[in-house]
Structures are given as C-alpha cells and as structure tokens.
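J.: Following the hints, put chain F in place on chain X, whose structure we already have.
Heads up: the protein sequence lines correspond to chains X and F, in order. The first sequence: position 158 = 158 (my numbering), numbered continuously. The second sequence: position 12 = 12 (my numbering), numbered continuously.
A portion of the hints provided could be inaccurate.
Here are the in silico distance ranges between beta carbons for each label pair [claimed, not checked]:
#1 X/Gln-202 <-> F/Phe-401: 48 to 58 Å
#2 X/Ala-138 <-> F/Val-176: 26 to 36 Å
#3 F/Thr-58 <-> X/Asp-71: 30 to 40 Å
#4 X/Val-247 <-> F/Ala-464: 38 to 48 Å
#5 F/Val-176 <-> X/Ala-98: 31 to 41 Å
#6 F/Val-376 <-> X/Ala-138: 54 to 64 Å
#7 F/Thr-58 <-> X/Ser-176: 39 to 49 Å
#8 X/Ser-90 <-> F/Leu-202: 31 to 41 Å
#9 X/Ala-258 <-> F/Leu-202: 33 to 43 Å
#10 F/Pro-86 <-> X/Gly-81: 19 to 29 Å
#11 F/Pro-86 <-> X/Ser-176: 57 to 67 Å
#12 F/Arg-428 <-> X/Phe-80: 49 to 59 Å
#13 F/His-73 <-> X/Asp-71: 22 to 32 Å
#14 X/Asp-274 <-> F/Met-1: 55 to 65 Å
Rather than coming from a laboratory, the hints here were simulated on the basis of the structure. All values reported here derive from a predicted model rather than from experimental measurement. Note that the Cβ used here is the ideal one computed from N, Cα and C, for glycine as well.
Here's the letter readout for the chains.
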Amino acid sequence: MKKLIAFLCLLASGTAYAAGAQVHLDTWPEARGRNLAALQNGARLFVNYCMGCHGASLMRWNRLNAIGLDDRQIRDFLIFGNQKVGDTMSIAMRPADAKAWFGKMPPDLSVITRARTSFDYKGTDYLFTLLRGYYRDAASPTGWNNVVYPNIGMPHILWELQGPRETTIERIHHESGGRGLVREVSVFDAAGNATVTRTPVQGHAAEGTTFSFKAADPALARQFDAEAADLVAFLAFVTDPSATTRVRIGVWVLLFLAFFTVLAWWLNREYWKDVK
Amino acid sequence: MPLHKTEHKGVLGWIDQRMPSIMAEYKKHLSEYYTPKNFNFWYFFGSLAIVVLVIQITTGIFLTMHYKPDARHAFESVEYIMRDVPGGWFIRYMHSTGASFFFIVVYLHMFRALLYGSYRTPREMVWIFGCLIFLVLMGEAFFGYLLPWGQMSYWGAQVIVNLFSAIPVIGPDLSVLIRGDFVVSDATLNRFFALHVIAFPLILVGLVAAHILALHDVGSNNPDGVEIKETLSPSTGRPLDGIPFHPYYTVHDIMGLGVFLIVFFSVLFFMPEMGGYFLEWNNFIPADPLQTPSHIAPVWYFTPYYSILRATTEPFMVALAAGLAVYALLLFFTLRSRVAKYAVLAVSAVVIVLMVGGPLKLDPKLWGVVLMGASVLIFIALPWLDCSPAKSMRYRPAWHFWLLIGFVVVFLVLGYFGTQPPSPVNERFSQIGTLLYFAFFLLMPWWSRMGEFKPVPSRVTFAAH
Numbered sequence: 001m002k003k004l005i006a007f008l009c010l011l012a013s014g015t016a017y018a019a020g021a022q023v024h025l026d027t028w029p030e031a032r033g034r035n036l037a038a039l040q041n042g043a044r045l046f047v048n049y050c051m052g053c054h055g056a057s058l059m060r061w062n063r064l065n066a067i068g069l070d071d072r073q074i075r076d077f078l079i080f081g082n083q084k085v086g087d088t089m090s091i092a093m094r095p096a097d098a099k100a101w102f103g104k105m106p107p108d109l110s111v112i113t114r115a116r117t118s119f120d121y122k123g124t125d126y127l128f129t130l131l132r133g134y135y136r137d138a139a140s141p142t143g144w145n146n147v148v149y150p151n152i153g154m155p156h157i158l159w160e161l162q163g164p165r166e167t168t169i170e171r172i173h174h175e176s177g178g179r180g181l182v183r184e185v186s187v188f189d190a191a192g193n194a195t196v197t198r199t200p201v202q203g204h205a206a207e208g209t210t211f212s213f214k215a216a217d218p219a220l221a222r223q224f225d226a227e228a229a230d231l232v233a234f235l236a237f238v239t240d241p242s243a244t245t246r247v248r249i250g251v252w253v254l255l256f257l258a259f260f261t262v263l264a265w266w267l268n269r270e271y272w273k274d275v276k
Numbered sequence: 001m002p003l004h005k006t007e008h009k010g011v012l013g014w015i016d017q018r019m020p021s022i023m024a025e026y027k028k029h030l031s032e033y034y035t036p037k038n039f040n041f042w043y044f045f046g047s048l049a050i051v052v053l054v055i056q057i058t059t060g061i062f063l064t065m066h067y068k069p070d071a072r073h074a075f076e077s078v079e080y081i082m083r084d085v086p087g088g089w090f091i092r093y094m095h096s097t098g099a100s101f102f103f104i105v106v107y108l109h110m111f112r113a114l115l116y117g118s119y120r121t122p123r124e125m126v127w128i129f130g131c132l133i134f135l136v137l138m139g140e141a142f143f144g145y146l147l148p149w150g151q152m153s154y155w156g157a158q159v160i161v162n163l164f165s166a167i168p169v170i171g172p173d174l175s176v177l178i179r180g181d182f183v184v185s186d187a188t189l190n191r192f193f194a195l196h197v198i199a200f201p202l203i204l205v206g207l208v209a210a211h212i213l214a215l216h217d218v219g220s221n222n223p224d225g226v227e228i229k230e231t232l233s234p235s236t237g238r239p240l241d242g243i244p245f246h247p248y249y250t251v252h253d254i255m256g257l258g259v260f261l262i263v264f265f266s267v268l269f270f271m272p273e274m275g276g277y278f279l280e281w282n283n284f285i286p287a288d289p290l291q292t293p294s295h296i297a298p299v300w301y302f303t304p305y306y307s308i309l310r311a312t313t314e315p316f317m318v319a320l321a322a323g324l325a326v327y328a329l330l331l332f333f334t335l336r337s338r339v340a341k342y343a344v345l346a347v348s349a350v351v352i353v354l355m356v357g358g359p360l361k362l363d364p365k366l367w368g369v370v371l372m373g374a375s376v377l378i379f380i381a382l383p384w385l386d387c388s389p390a391k392s393m394r395y396r397p398a399w400h401f402w403l404l405i406g407f408v409v410v411f412l413v414l415g416y417f418g419t420q421p422p423s424p425v426n427e428r429f430s431q432i433g434t435l436l437y438f439a440f441f442l443l444m445p446w447w448s449r450m451g452e453f454k455p456v457p458s459r460v461t462f463a464a465h
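The shape of chain X in the complex, shown without the other chains (with noise of 0.2 Å):
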C-alpha cells in the first residue's frame, strides 16, 4: 500500500527532475529560442567552444541562414576549417583519439535536446541546467565535477565565462548500514577541495539533493546564465530546424481546415435536408 501511494505520488507530482542526478533542474528561457541575437550568439558559442569536440554531423552550415547568417557571414565568423558552407558541422578529432583522451567519443549533438528529453524533463531544461551545474573538485581526473551529471567526463569548457564558485552540495540519504536518515553537506571551495560534514537528520526529511552556488563575480556569473541560455536556444534550433516553419505554416493550415470543415458541414447539410 506504502509503495502504491508513493507511486501515485509520483504520478502527480509536475516537476522535472533527472533520472540519475535526482537534482531539481532550472527552466530554460524559451524565448531565447525565437531571438535571432539569442541564437547567433549561441552559433558563435558553439562554434567556440563546442566544436572542438563536439560535431553536429547532420546540420549543414547553411542551414544556419534561418537564424539570420548569409553564406558570407556563416563562412567568414564560423567556419574556422576549410570545410564549405554547403557542408555539414562535423569534426576532425576521430572517435579512436577520443576514446583514448576522454575514454568515448563526445557525442554529436545534431538531435541533442530531443535525445535528451524524458517523460519527467525536457532536454532544453536539463542541458541548460548541466552547462550552468559545473563545480571545481579536486578528486576528479579534470578537476570539475557536475550536479546534474556527477562524474561527468567533460570538464568545464566555458569556465572562463563564468569565473570561480565556490559549491554546496547536500545530499540526504540513508548511511550504508546505518539506520536512519543523514545529511551530507559537501562544501567545495574555488580550487575543488571538498569539506563533507555528516549529522544525522532528526525527525522527518526527503531523501534527495540539493546545491548552491557562490559565484566569485555574481555578475559574471548571471552574465554566464544568459549565455548558456543562448547556446541552449542554439542546440534546439540545430535538433530542429524545422520548428518554426512548421508552427508557422501549421497556423495556416489549421485556418484552412477550419473554413474546409464548416464548408463541408454546410454541403453535408444541404445533401441531408432530404432524408427522411
């Protein structure tokens, strides 16, 4: 019975949350994906930052006209290779070099935030909430670390953007062995050095975990947000180009179905005036 009650608990509850992580993840600002600047910026971050390891092996670059980019632009500010505008975003680095310095081949990232979506999350959500979930720990062979995906095999590649934070990390779980709920706050300063203090928790609590961050540059760092936001908009659109024609012409057409409805009603009408 306990467990049929948690169960529709389950079902009722709305809120997105990631399957490993079990870590509350921050909405995406849909908007930026209808913002032409939005989505420039993030062409402009991904092809930075991104693209080193990272292809988008389906999309061509002049696929990328439809956020606004002519051939010139796409050519002179984003391909930094000698590939074409007509060819696709892919990478040079091959899949038997990055086993070997990352352990597998960073995924592409052509169809991203729907690969990433769930029945509990959306992909923008998670992804935007990755990107912004890194923290410095020294325990981890690239000394970064992430709330949403712990151990994550891809350090922080936008650092730079988002400048030092200092992470509190609590996790309430029931101890190994142990009877009982424990609290485990892990407070990682700037540099990755982790201080974990374990109290048990008295009276009644939700197993789960939860984070903080304290930005050295609370402004950079809001700046950061905005940023991954851009990129977000930018892997959505890349995952699906079509979506706003689509949705455009979709207006259209249901316009159309409904003036073709009310005729047909009309003449079906007219023709059944004389069944008796």
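T.: Okay, now just chain F, sitting in the frame of chain X:
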C-alpha cells in the same frame, strides 16, 4: 461482338460500351450501395482508416526516395530527410504521425464494432478480415519502427525478435532466420525494409479490399443493429432505411475528414513528438548495439500487449493455471456434449501441467508470448463468444455497456503500464489487468446472455436533419 448497350452519353458512354464493369462497380459500391441512414460519430473511422492508409502509402513512397536502408546511413538519412530534402520534415512527420493515427482510428473502428455488435451474423467474414488487417498492421508498424535506426528501434526489435526464441525446439533458429543474423544488424534492417515497403503493404491493401467486398455483400450494420435489408420498399425493392452511399455518405465522410485533419495537423505541426509517445525521445540517439538503454518500451499502440507479456512471470503462472482450472470446470458443467466436456478437461489438464507442472512446465517467457498472441487473436472469436440476443448495446442491459467501458479502461491501464519501467506495482496492475482482459472475452458466452434486454425495433431510429 456487339458493343454493350449503354445509358450514358459522350466519353463515358464510349467507355461504358467497351468496359461496362467500371459503371457496374461504381453503382454496386457507391451510388447504389444502400447504407443505413442512422450512422453516427462512430461510423467515420472506417473511411478515415482508408484516408490514413493512403497518407502512409503516399508519404512512404516519397520517404523511400531518400531513405537509405543501411545500418551506417539509416539514422542520418532520416535526419537528412528532416533537414535537407525540401518539405522532407513534412513528409516524415506525416508518416510518423500517420502511424500513430492509424492505430487510433483502427482502435476506435474496433470499439464501434463492439458497441453495436458489427461482427455478428452475417458479418463474420467482414470481422475476420478486419482482424487480419489489424494483425498485418501491427507487423507493418513493427517493421517500420526499425527503419529510423535509433536506440528504441534497435532494442525494441531485439526484444520482440528474441521472443520467438522462447518457442521450444525451433525458437532459436527461427529468431536467427527473422534477423538474418545473430543480433539485430544491417541484414535485419534490409529485410525489415523489404517487408515494410512492399510485402506487408501489398497484403494490407488486399485485405482491405476483401474487408470492403465482404461488407458490401452483406451490407453495413448500424447503431440499432437492425438489418435494413429485411424491410424493403414494395415499389423499388430497396431498403426503406437505406440511402445511397454516394452522395450521402461521401459528403458526410468529407465533413468527418475535415475534423479529423484538424486534429491530425494540430499534432503534426505543433507537437510531432506528442510528448514522446509518437516519436520516442530515445529514438533520437543512434542505434548502439553495445549500449542497452535502461528502459525499453515499445510505441504506445503496442504497450497493452507488452504489459500482458511482462505480467507473465513465474509466480503469476499459478494464478493463470487456477483461472484456467475454474474456466475448465465452468465449461464442463455447461457444455452439453459428453465428448466436448471430457475433451475440455483433458486439454486443460495438459495445459495446466505445461504451465505449473514442475519438471514438465514450459518457460513462463513462452507463456507470456502465447498470452500476448492470444490477446490479439481472441478478437477473431468475438462473433462466437457474443451470445447476446440483441446486437447493439442500445438494446442490451446498461451494465453490458459499462462492462465494455470497463474493458476499455483495462486496455488503457495495461497500455499505460506498458510504457513505464518495470516495478512491483506495475507488475501487479498488469497481472490484474491481464486476468480481467481475458475474463471479459472468455466469460462472454455467459454474461452476454444475462440481464434484461429491450425489444429491438424493426426500423432504425432516425430523426430527419
């Protein structure tokens, strides 16, 4: 040979003189096919199923022009269609949305049959062809789902093909034969492509033709379950409650088509993934034979049957065997023929031994496959299971209707749990659902006779517009 005598003039007359079957068939199936005039909302879904079939075939032809059935290129060729082929995203979304709407429309079409007893005498052949269409449609959808070559395509196919390996003796070889390889691979993709684009569509179109021919031989049922051919006009010899299909039901169905297309295109243009039900999120990750997704779920239209498959676990076999024993006794005390009585006991005893009989029992996985198959095939038996004196729910006891609604709820609950990852709650609900699902059908010969029936009128209920 002299020219055929024609009543038509001009070009049509010239053609009719030389090929009279065109106008003869036109009259037989459209302008002089007498249809009950009291059709309601539920009667739109037959013609809509044809519309969706046409959408699937037309868009399918265009997709085939650009799609590459090659494990190395399949995933990217779908995205190539979505991005680089002019209007490609529209064609692809038509096809993916159409697949789900095919099942929506067919399920509603089948519900109509259950509501008004459309499978009863003399329409058994119509019903059997309909059930075969449903089976072939499931195969068609299954083969098509492998083609985008995403993680769900790959692992879904892997799970379903592996089911065949549960069949004793021939199972393992049979599953290799289906895949053309020891795992789902390029060979599998190629043969599924062949089956999806030519073999199954041909069978499907043939069965649809048979379904309609069978229907037009006996005439359509209607919400009252009244046979309109039993009340003919003395002057014309035509059914008094019938009207020509064309133009009355053609204009009527065009109106229904308008409403349907509004719903269809609302999904297509504004939510083509339909929240991960029409296009599963995991299927945007290319197939990776080395990485099993944490949760494999079939597309929504298969999930009720998938739930029945998953419900069949070792402990559940005891409940199933007990259910079968009770059912055998029920048959034993109701059947009149002595031979049939003892045949039922003998067969049930053998099946129960195979279900729970220690060393003789078969793998529960195999029983799961058997039950999943039975849950689809049992629809074919409906004309013989339903013994109600009235065809239509309108003249049957109200609780019969609510029982049918209860069955629909069980079907939807099974469907819901089929989309969810396995859990103890899921398993228990699926098991209860499985028992109720089969009880609805297997107990029908008893419950469908019970209760108070209203007198069935000789003419249909119809109010002029």
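J.: Can you give the numbers of the hints that this structure goes against, from lowest to highest?
T.: Hints 2, 7, 14 contradicted; others consistent.
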